[in-house]
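Each chain, letter by letter, is given below.
There are 2 protein chains.
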Amino acid sequence: MPLLPKKIFILLSAFITTALFFLPPSQISLRAESDHLEELERQFVSKLNPGNLESWMKVMTARPHHLGSPGAKDNSTRILELFQSWGYQAEIETFHVLFPTPISRKLELTRPIHFKAALEEMVVESDSAAEKIKAEGLPPYNAYSADGKVEGDLVYVNQGLPRDYEVLSSMGISVKGKIVIARYGGSWRGIKPKVAAEHGAIGCIIYNDPLEDGYAQGDPYPKGPFKHSSAVQRGSVVDLPRRPGDPLTPGYGSTKTAQLLSLEESDTIMKIPVLPISSSDALPFLENLGGRIAPSTWRGALPITYRLGGVGLASVKMRLKFSWDRVPNYNIIARMEGTEWPDEWVIRGNHHDAWVVGATDPMSGLVALLEEARVFGELYKQGWRPRRTLIFAAWDGEEPGLLGSTEWVEHHAATLREKAVAYINTDGSTRGFLRIRGSHSLQILAAGVAEDVNDPLTGESLFERNKSRSAIQSVGPERRKILEKKTMDIEALGSGSDYTAFLQHVGIPSLDVRFTGEAKGGEYHTMFDSFDHYSRHYDPGFKYGITLANVCGRLTLRLSEGHVLPFDFEAAATTFSDYAEQVIRLAEKAREDAEVFNQLVSGHHFQRAANPNETYIAPETKKIVPHFNFAPLRNSVARLKSAAKGYRERKARVKGALEKNHPNLEALNSTLFRAEQLLTNSRGLPRRPWFRHQIYAPGFYTGYGVKTLPGIREAIEENNWDEVAEQTLLTSAAIERFAAAVEKATSLR
Amino acid sequence: MPLLPKKIFILLSAFITTALFFLPPSQISLRAESDHLEELERQFVSKLNPGNLESWMKVMTARPHHLGSPGAKDNSTRILELFQSWGYQAEIETFHVLFPTPISRKLELTRPIHFKAALEEMVVESDSAAEKIKAEGLPPYNAYSADGKVEGDLVYVNQGLPRDYEVLSSMGISVKGKIVIARYGGSWRGIKPKVAAEHGAIGCIIYNDPLEDGYAQGDPYPKGPFKHSSAVQRGSVVDLPRRPGDPLTPGYGSTKTAQLLSLEESDTIMKIPVLPISSSDALPFLENLGGRIAPSTWRGALPITYRLGGVGLASVKMRLKFSWDRVPNYNIIARMEGTEWPDEWVIRGNHHDAWVVGATDPMSGLVALLEEARVFGELYKQGWRPRRTLIFAAWDGEEPGLLGSTEWVEHHAATLREKAVAYINTDGSTRGFLRIRGSHSLQILAAGVAEDVNDPLTGESLFERNKSRSAIQSVGPERRKILEKKTMDIEALGSGSDYTAFLQHVGIPSLDVRFTGEAKGGEYHTMFDSFDHYSRHYDPGFKYGITLANVCGRLTLRLSEGHVLPFDFEAAATTFSDYAEQVIRLAEKAREDAEVFNQLVSGHHFQRAANPNETYIAPETKKIVPHFNFAPLRNSVARLKSAAKGYRERKARVKGALEKNHPNLEALNSTLFRAEQLLTNSRGLPRRPWFRHQIYAPGFYTGYGVKTLPGIREAIEENNWDEVAEQTLLTSAAIERFAAAVEKATSLR
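Chains as they are written, first to last, in the working numbering: chain A, 1 to 749; chain B, 1 to 749.
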């Protein structure tokens, strides 16, 4: 009810509208958009209680709860009951998935000395879950490793990435028919055996070097948060960059009756046996390798000379056997129906399965999600109803390969395309700095929340802390640019958690939210990722946990309550344009580098510079890189920039008007939230059709790490010139479709 | 005798002269300049015998031969007799110098546990000098450490450089009243206690981390060349960047009757006690430090968590007592009189003293020098006479502080200014790539020899191998530039060997020559720098040793025999111009950095980004950097460029003419070789008047590492704005004088 006479009000609105129109774009609509929302967020925040996070984490980490375990079943029921008690329509949606677990694991050094690896983690008696871990925990292994009994010479391959094999090859060292030992780091773990197999290796050992997360970094657990010498990082080695989800049901939900591939038909099960070991198990292998001294950047923190091994120096026997069972995968899905637009869904998810007891991964994120859901329930009981439908999901089977979320998304893909406004994901979260990654059309939403929420320890806004850190970590002109930033940027998403199927397969606008950067440790995927570890070393008092709930709750509310959805396309336009210029420069740089490189080869410079006392195989010349037609890409980005500017201007112009009674609201909103789907392509990416997003994908040789404009970028990196041309057209077409949707939204607004 | 009729000959010469004039400058005069020289070099090279290097090294490393030892006296006599046997007028020129040696050394950890450091190196029984080392070797210590009995808390200061103390100070850690432990590396060792004392530390321990030259790099001695855990790097901590030489005779020779400062008056003796220890002695100290975890770049390769220590955590007792004796310093000076220009001296030197038996340092260089001298003696016996006087010097007392060479140069400074054409230095040399550093007016000479001598293992020219390596190690456009290089560049000289007094104090054009880059090890200044170590791991067969003699012999001959001295100024002009642009950019960058840095400070960004769980002291604002008048510097460089071009053109024009009967030959040559002296300034550098060269100096906080245009560069780095202006004028004036000399040489040519 206006306090001013109506005429003056209209004049004033007109003035404000005009004034807003002349404000720089970044000043607009970052704050909660209406009094309704502000009040709602105030109430939401006031009810958040960190004590809940602590008690839920404690109870849900009291026993191992990996996929298929009694503990996972317990937690599923517990989570279901919580949702139900808060007034949600909740159910457990069960899929049936392939989940191999170890029957036997053997690893021995047979030459030059005999050593049998222990392959067990020491139990820390002080840990509250110790007894249950001993009784029920999975031993260290890599899920979807091949069964196998192999024996061969051992070679140290550093992180086991393609560039490492180039170095080995220059030294005349081949891994064909051999077993490799790689250290964790540099990529997602599944890349290591995949690349090893590509080079002819017959087995792969992965270990954690204390350099990365052991004593080199700080005190090992329980004294400090770092990895002690018996700890082993478990984890999946399914071919995630090709496709997550059940290896036997590609692209469709693994319901009880789903048609299954045979194990042999699956294209994502690892081809060779792989085993993760501790640094104390790794030491005798590495110490006895013999052969050439490893390059300096390949060295870890063990007190030895790192060597490469070779023919007839150190030999290894490895024997792995797994059960190849199908187990139930329990997704808990809870729904609070929207009153105004029930068919527009805001989805919030986190997985509940762990490798062992999983306090950080996944409980730190899940307990925040539960607290958000609890407070919404409380508000509901006080009479509040969300405008859009809220869906909370607790996924099972994330650890083996994003199984629960992927099967659910595959199974409900058509409905999600129709109704899913956005997906907000969390997973392991610690403390420090807010990290939001995801769809750039949601950047302005994320940035607004980052301004409105403060760091729990310093009291500074999350945005300001991030900005200060970025400024301090950068150098030169970049530093000045960062200091001038008015809003927060978000990063692109690759893979590694449950947003993958939403974003990469279907094109649902997604965000992943976590706190990170001030709590390092070595517990990841070990039995030491316990409540005691988390609450002592990571987030005492659950201050960052509750801040995570604060951030994600506000994101959810702003998506649920805004009459017009808080999408904006300027950040997407600018960012895609940056990506386009990056790939264009990448091609140019590849061309220049190949030219000079080939000069070095033909001039015999490599041989001349090589140490004459050591074997050296000079590289061969590189393929000449042609000039590509990147005009379609630049044109599509130009169109998007102009469309995004048009939408922003239109939004500023109509901002003063009440949007509630907007005549095209539903058409406008569906255009907004479905725009991201136009960035996908039903053909998918080359050699991995499941991955459909043309802007964001996990790298084929990074695993989790994102490659933006992946079709073009990886074609350049892999020297597929025809594919560069083809993918440029496909990517440009996707951006054109996206721009057209923005233009349509502008006309509707 | 020309085979062509005289007229045709004259026409042809004119044609050749003209043709040469049009050749790009780099094509000119790189090869041996005359048939006489070519034939002489051919004979010289044919007589070189690597077996001599081996047998001399063996005999001269059979017992310890540090300054003042019976072994040094033995070797001096041996060297003297060799020179005399080859026909040289040779003598031992004795100075008397301060040389402290240990009376007692004690180091204990007193808290949290008790540990007494062994402070002894394990003797490798297989080493041929083992017995003598045990009986006669100096124990590990740092010469010119203060006497002292100190006790205090221990702090780890990384490499102990100014930037390390900035990091400690940001963590609220002070070393005032404490004892510091620093690892070797990052600078010359003497910087570490100097900077520690500047920050109020009362004692300093230095140790070798296995990361740098121990097991992290490869097998420890005797299996491999690397440092084993008991080995200790001895070495001087006299304030070398202030002044080398006897601390009690600044600027004049320490003859028997020289006036001496008292120990208290000397400004180069270290103010606090310093002791070097082995990594096995260091381990208990580092392991028990407690306190904050060290930053990741501060960590070494010991199997511990590197921490910083602090108040009341780890405490140390240190007790050092030295004899402060004056001992005889034996320089062996051998002379072969020049027939045509006896008062133009080409000086070739290498020290003979070692810390223990010193196979690499200094014998690897000294035996090459002896072989050069032997062959010249053989040629002499066959009737050859050098045109200029050759002087061979074997310096004593290099290790404690370049004593022998410095006292000799100080004592003979006036004569050297008059007669010294150039000084060619060697010292420890191993294998791999030719590294020549020195006066850029000799670059073209050095480059010519590098083209004419081949690598002994690959058969490629030394220049080509260097070029290939540089190209491969560089990236981007730099790589292309290197591939286009037609001649070799040389680097600038700082300090660290006997060229220092010649170049930095008097301005004698100097070169330092060594092979390096393919033989890493940890023997430096330990008892393991033995004949066995060198001949097994570094240069089996003395192939690179004899190549060093080949290179240095040719350099000597080209300086001795050319009618016109082979000086050229294009490289100096280009290089000085690069240095000028570097310091100008340094000032600009300092200005920009300070501006943004102060924005970060005033915006509280440092506090905001800091981990709230850890002590953090934000930095203070930096001094605003004004704009400086660098015009005089650019003008002087421009004049030098033009003068150098003029000299090169003149040289090309007159090349065809016989230079033997040049009317101004002596005036021309003395102008050429004395030009470098005009780059010095009798006032010297700020706060260290002994260092007079305005282009090259060791850095005040690097010790050995060069700072070019040191007056200007260090004034910018140390925020002395008035000094920037003053030093710019002094440096510019020096370059103007140098340019004027080049102009004069052009007019004389």
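Think of the hints as simulated: they come from the structure by calculation, not from any bench. It cannot be assumed that every hint is accurate.
The list treats identical chains as one, so a pair stands whether inside a single copy or across any two.
Below, computed lysine-lysine pairings styled on DSS-like, alpha-carbon distance capped at 27 Å [what the hints assert, rightly or not]:
1) Lys645 x Lys481
2) Lys317 x Lys543
3) Lys520 x Lys651
4) Lys73 x Lys651
5) Lys589 x Lys645
6) Lys520 x Lys73
7) Lys256 x Lys641
8) Lys641 x Lys149
9) Lys317 x Lys520
10) Lys486 x Lys381
11) Lys645 x Lys47
12) Lys134 x Lys543
13) Lys381 x Lys520
14) Lys744 x Lys520
15) Lys106 x Lys134
16) Lys176 x Lys622
17) Lys623 x Lys317
None of these values were measured; they are calculated from a predicted model.
Checklist entry - Failing hints, ascending? => result Violated hints (numbers, rising): 2, 3, 4, 5, 6, 7, 8, 9, 10, 11, 12, 13, 14, 17; every other hint is consistent with the structure.
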